[in-house]
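Protein chains in written order, with this note's numbering: chain A, 1 to 391; chain B, 392 to 754; chain C, 755 to 1414.
Bear in mind the hints are in silico, worked out from the structure with no lab data behind them.
Don't be surprised by glycine CBs; every beta carbon is placed ideally from N, CA and C.
Incorrect hints may appear among the rest.
[As the list claims (entries may be wrong)] Here are the simulated distance ranges between beta carbons:
1. T249/A - H940/C: 49 to 59 Å
2. P45/A - R1058/C: 50 to 60 Å
3. R1110/C - E127/A: 26 to 36 Å
4. I866/C - L191/A: 51 to 61 Å
5. H940/C - D201/A: 42 to 52 Å
6. R1058/C - E127/A: 50 to 60 Å
7. P45/A - W957/C: 54 to 64 Å
8. G170/A - Y1334/C: 55 to 65 Å
9. F1152/C - L176/A: 35 to 45 Å
10. E127/A - R1240/C: 19 to 29 Å
11. G170/A - I866/C: 33 to 43 Å
12. F1152/C - A179/A: 29 to 39 Å
13. D201/A - F1078/C: 48 to 58 Å
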Amino acid sequence: MPGIDVELKSVTKEFSTRRGETTVKAVDNVSLQIMDGEFFALLGPSGCGKTTTLRMIAGFENTSSGEILIRGKPVQDVPPFHRPVNTVFQDYALFPHMTALQNVMFGLEMERVPRQEARDRAVKALELVQLSAAVNRKPAAMSGGQQQRVALARALVKNPTVLLLDEPLGALDLKLRKAMQYELKEMQKRLGITFIYVTHDQEEALTMADRIAVMDHGKVLQVGTPEEIYEKPHTRFVADFIGETNFITGTLKEKSGTQGQIELPDGLCVSAILDDPAMSLGQKVTMAIRPEKISLIPKTGTIKRGDHQEVSAEQALADLTNQPNMVVIPGVLWNSIYIGTDMRYIAEIGETKQEIVVRIQNFGGRFDQRYEPGQSIYVYWVTENARVLLD
Amino acid sequence: MHKFFTLLGVIILLAVSMTATMAQDEIAGWVCPAGYEGQTLRIFSWSTYVAEDTIPNFEESCGVKVEYYEFGSNDELMAVIRSGIARYDLAVPSEANIARLTGEGLLQPLDFSIITNVKNVSEKFLNPPYDPGNVYSVPYQWGTAGIAYDATIVDGEIGSWEDLFNYDGPVAWIDDSRTMLSVALLLLGYDPNSKNPDEIQEAKDYLLAHSDNVDAIASENGQDMLLRGDMDVVVEWSGDLLQIIEDCECDDFVYVIPEEGTNIWVDNMAVPANAENPRLAMEFINYILDPQVGADLSNFTSYGSPNQAAIDAGLIDESALNNPGIYPPEETLQKMYFLLDVGAEADQYYTEVWNDILAALSE
Amino acid sequence: MNVSPGRSDSRGAILSLPSVIWLVIFFAIPLFIMLGVSLLTRGGNPSDYGTPLTLQNYKDIFTEPLVSTLLRSIRIALQSTIICFVIGYPLAVFISTRQNTLVRQFSLFLVILPFWTNFLVRTYSWQIILGRRGVINEILQNQLGLIDSPLQLINTEGAVLLGLVYGFLPFMVLPIYASVERFNFHMVEAAHDLGANDWYAFWKVMFPMTLPGVVAGWILVFIPAIGAFVTPDLLGGTEGFMVGNLITRQFRDNGGSWPRGSAASIVLMIMVGISLFIYQRFASDESYARAGFTDRINRWLEERHIRIPSLLSSIVFWVLLVGFVVYLFTLNWTQTGTAAAVVTAILVGINIYQRRMERHKTESRSYEINPWSVRRDLWLRRIGKWGLAFNPIFSYFFLWSPIFILVLYSFNASRRAGGRWEGFSTVWYDNIFSGVAGSRSNYSTEEMLEAVETSLIIGVVGTIIATILGTMVSLSLERGVFRGKRWVDGLLYLPIVIPDITMGISLLVFFKVVFDLIENITGSRPFPGIANVAIAHIAFNISFVAIVVRARLTDMNPRYEEAARDLGANEWRTFWRITYPLLLPGIVAGALLAFTLSLDDFVITFFVSGGSVTTLTVFVWGLVKRGVPPEINAISTLMILASTTLVLISSLFQRNASRG
Ligand SMILES: Nc1ncnc2c1ncn2[C@@H]1O[C@H](COP(=O)(O)OP(=O)(O)O)[C@@H](O)[C@H]1O
Ligand SMILES: [Mg+2]
């Protein structure tokens, strides 16, 4: 059982705005436990307080209230230069008057590591980030990717207990970013250093992190593994922020266990999984369904099913309605977008013309089935895939 | 705004010129000949060296404009005239500088057909050693270099150079190489106009040996230092000091002519060789030598007047005539000396020695 | 683009030409003439010179007692530079870290505004403050009763130092401000993050990154300080004899010597040259200063496999630095030795302590926070914070008290221009406005207004010409490509860094030589006056205008002009329709700067006019030097009021201009 590396207990940070008339809660009553050796992501839209949280851990900001512990020790009165954490800054903050090597050696000099040893360690750190060629270059003469690596080496060479990364890949182009994501993850596994990784890119968080904390307006909304966050978002915000989601509002009519019956505005009743079984009947709720978990069939015509097999639309509809736990609602397509891996359809369903997005994988070849705007269709999904959230 | 001031100026002028006219009634005074209207006269002189109405009256009478430029030391006057950068119609050099300028051909002979008032000048100041026959100069004002002190601070009296050198408190010397070194030469028993480098060196050593109390070398603002209280004792020209004593209307300050004797100087009016308007300059000289004008001048500056006619006519303030600081008794006068031209080489030597003194004092 | 390189060549060069000609004739040639004169022998009177060629003038300067005057001047200049730095750096940091733009601008304004009031007036004000019966002594002795007899503050070297620091502090603050403003404080956080406490974060990161501004500040203070002669003259008494005074005497004394004065000026120039060389080495490099001076030494040693314990090298460094500063200020080897010993002891102590701590260090992954070093660093931070909080209070008080005192004393009923407070009175203002000057009319209101008029004529004419020439040369340097551009650049910057006194003297010598020549040829000698002064003012103002206009031009996107030409405007129309309107705020700012500098100049006017032109500053100099009338405080207050109004109006205008 790994120990807790960093713990935030009800941490709040308030900034007073100009003339101190009002205050902004940049971080609001956040509690987190980050385990030893974990890759922990702080995810949220810009301005939600991620950087502030990170800066409090690093020691650049004081907490307004609450407590931060690193390896069980409160660090309230410890200035940043005495904390066993290091940061990779968003803008890298490389010292422009020093070469890459000098940048990396700086932290060791501050620890009074003997010069020769410091040099060796710095060279090794630069090798680790595959930058041996550029050791004597100054930041101005390096590309963004190279600078990013120097920043990483500069922090890693200090052997920190925790490494804080503030959107470290934000300034890189897509391809480089993907490559670096992979490298970073590998490196973290190999070195076993705890990473706290700030990003507003949900995909980055999902692919890299062991656990994710989703933040909004200074609050942590949900903490969990990528799968938990994606599959079982607790709030509408989380569901919306991570991936794409259709929201359908309604009223909770009946419930048994985690199963609930939702009445849609047009009177239709559909069943779904309740995120919180304690929801009370008659409550206004939102149902969330991921587009890739919805499928559709045409109202008329035929459907391809496997090799050279076609069934009529009526037949297909009958097959679907016969299945238990299947929700089928009629609608009309009004837009279809080709996005390479998928086809993205936008339909209006039910009498309220609720807009809904459907993603169907681009199987290609003989499985390919295309629908046109204006076409009447049925959308359908399995009830377990629809989750009922509180607003 | 400017117009307003001009108007005011004219009103004041009118008031002043009325008193002047009244004076003219008593003595057959000076009248400006016609023909100068619209011309300009450039004068190069010391600051505070004319009475308030001296120049306005002249401008008024002749219908000319006078530009009055100031210098702060004899050396500055020499530097400017020699550099030839500026051109003046009338300058007021001291006795030694008359000799120097004459020697360098920088002055032009005076026209005594215009300067008829030369008859008013005291015999004592005519035909001086530095300008035999008054070819190039006539005396303007004369005075002494002396000591003034703040009687509210200084215990006892300061009556001699010896007292000055031994005084315990802030003292300012005057920034004039010849004046200060001549004092030392005098006290050492040498000729105040010595050209002997060894004697001058000795004088320098003497001054340096007595310089512990010296806080500043004042160019022409010793009286201000005294007034402000920065200095207890200063060496300055008599007139500057007597002016503040008069202004103060108090008994705080005392001017003394040191008992060992001191430098008597005469400032002279002379016309530079490159003057643009020498005739008007001659006219101005004649104007200054008028008894009333000369008396007004001296009554204002508190310097001695060479104008015997003015003294005889009783135009000079009684108090001044009775002030031994301005008109010293004959026995004191006996101990005074002129600072004469010692030649370019010695001049340079004096300046170098003086600069050495300044450099040494700054350590 | 439709402009061929060939055409842009000639266009660029032609725009530079007028300024280059002006500066060559009225700046470069005078310097060479001065150099020539410095190698000649003095003739029958000070301004005469002739063969034989000699180095005697230089020898004289480098022998006693003049050499000690020179060394003392260097020492005082260095001292004032150090003090300006110690006060100015934190002040610049304070100003540039104000979050609110208005507050920041106002803080900066408070530093600059005193600098817009006449230099002589401000220096004179210190006479009132420091005098034996001045404000400080009055308070200490009569109000508080702390001392029995007045302190000797005025007429000391300390007063000179204070006056120089006071006069040149803005020159230190402004360039550092520019550097700190650009400095990314993230760097400090990064340094903290890597384990550097405030001390190291400052010296290893912030200081080297702002070094270009610091070095510029050092130069801008050191050069005028070493050539100063007004401040030492007014505040130093016998202890105020510096090179500037020495040079002045060579030109104005009866037994002076122009050749020797020229030689002394050349020596000043050489010192300026050395300073510029240092600047070039440390601050011209774009990739920041070669701050890694110690790094370079380290590398040099490393390459030769010489290992010096870091303790030894840091002891050598700090002992040399601290020793130098302590010696500079005390001139006492015992105290210097003591300071060096204290520094060594501290460094050794820290080292021993750290070794002991290191021994306790455990495995790298688990960490120990050393409470002692945390406490030490927090104390360090607290001291720094207090310093940063106290500095602006002190600095602003320092910058403003002379002005405040002047204004206050202009209402003093006392007839003596300084010293004791004898009740409130407006009599001095009444005197000025009624044109009466009291009983001692060594000046009159009319005379003063004439001086103002002279100043304005010189200022306006000089500013117009300098602004036109300066704008042209800026356009040529920023937009043109031609050979010799670097030379033009250099020529343009020299007048800024050269001490006033050197420039004044070289022009004095130059005019004398030229007038001699004219007299020889035509037989009559010109009477220059105002024209001389205006020419000199233009010569230094071209450079100042160019700096301001160029700053604006570099900020201006050349695409606008290219777009205009792309749309078919020729160069003439492009300039008037596009460049000129965009550039106007810069031109106006440059012109205002030139105008102020012209109004404020005393030293150059003083030498160049040869006593024949009375500008306002020359007039004030006369008042201060030759008998201070009680009205002087009131006159000064009016001058302050006028310049403040001017600045306010101009800044309003600039704001509108940049908005519009
Ligand atoms: N120094 C500060 N002063 C005032 N407000 C701040 C400061 N730093 C951050 N904030 C505010 O706090 C909120 C959170 O900021 P931040 O932590 O930077 O967000 P994120 O990194 O998630 O984009 C924002 O609304 C921001 O405006
Ligand atoms: Mg952020």
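Results for each hint:
1. T249/A - H940/C: 49 to 59 Å: Taking Cβ atoms as reference, T249/A and H940/C lie about 45 Å apart, which means the hint is violated.
2. P45/A - R1058/C: 50 to 60 Å: 57 Å, holds
3. R1110/C - E127/A: 26 to 36 Å: Holds: the Cβ-Cβ distance is about 34 Å, inside 26 to 36 Å.
4. I866/C - L191/A: 51 to 61 Å: 53 Å, holds
5. H940/C - D201/A: 42 to 52 Å: 22 Å, violated
6. R1058/C - E127/A: 50 to 60 Å: 26 Å, violated
7. P45/A - W957/C: 54 to 64 Å: Violated - the Cβ-Cβ distance for P45/A and W957/C, about 40 Å, lies outside 54 to 64 Å.
8. G170/A - Y1334/C: 55 to 65 Å: Hint violated: Cβ distance 42 Å, outside 55 to 65 Å.
9. F1152/C - L176/A: 35 to 45 Å: 54 Å, violated
10. E127/A - R1240/C: 19 to 29 Å: Check failed, 43 Å falls outside 19 to 29 Å.
11. G170/A - I866/C: 33 to 43 Å: Roughly 40 Å apart at Cβ, these two residues keep to the hinted range, so it holds.
12. F1152/C - A179/A: 29 to 39 Å: 58 Å, violated
13. D201/A - F1078/C: 48 to 58 Å: Cβ of D201/A to Cβ of F1078/C: about 54 Å, so the range 48 to 58 Å holds.
In the structure shown, a violation is registered for the earlier hints numbered 1, 5, 6, 7, 8, 9, 10 and 12, in ascending order.
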